[in-house]
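Just so it is clear: in the sequence shown, position 37 is 84 by my numbering, and no numbers are missing.
Note that these hints are calculated values from the structure, not bench results. The reader is advised that the hints may include incorrect statements.
DEER-style ranges, computed between Cβ atoms [stated by the list, open to error]:
hint	residue 1	residue 2	range
1	Arg73	Leu50	25 to 31 Å
2	Ile126	Ser60	48 to 54 Å
3	Val97	Glu124	17 to 23 Å
4	Ile126	Arg89	19 to 25 Å
Just so you know, these numbers come straight off a predicted model, no measurement behind them. We treat Cβ as the ideally placed atom computed from N, Cα and C, and that holds for glycine.
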Amino acid sequence: MGLLKITYPIEISDKGLIRGFMERKRNEHQETYDAFVNSAGRQGNVIYGVKVSTSVGQFKNGSFLYITYYGTVATVECID
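Using the sequences and the hints given, assemble the complete structure.
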């Protein structure tokens with residue numbers, strides 16, 4: 048059906064006391080995975096050949112981990 052790719056930035060620098068408290072239960076890694084799965088939409092019912100790539104960037108506004116997921120979406124049918 049097609050290739051999926053999603054890149055998601057995750058801030059890894061200190062977020063400060065208030066922001067850290069407000070986002071303490073936030074799981075950005077799970078959000079990245081969910082966004083990847085949801086990007087398949089109704090195209091198929093399986094994503095195979097999933098690869099994960101990471102990189103780090105440091106900017107004036109903080110340090111970020113970039114996670115990229117790649118995979119191929121397809122439809123699998125059970126044939127009796």
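Could you tell me which of the hints above the structure violates, numbers in ascending order? none
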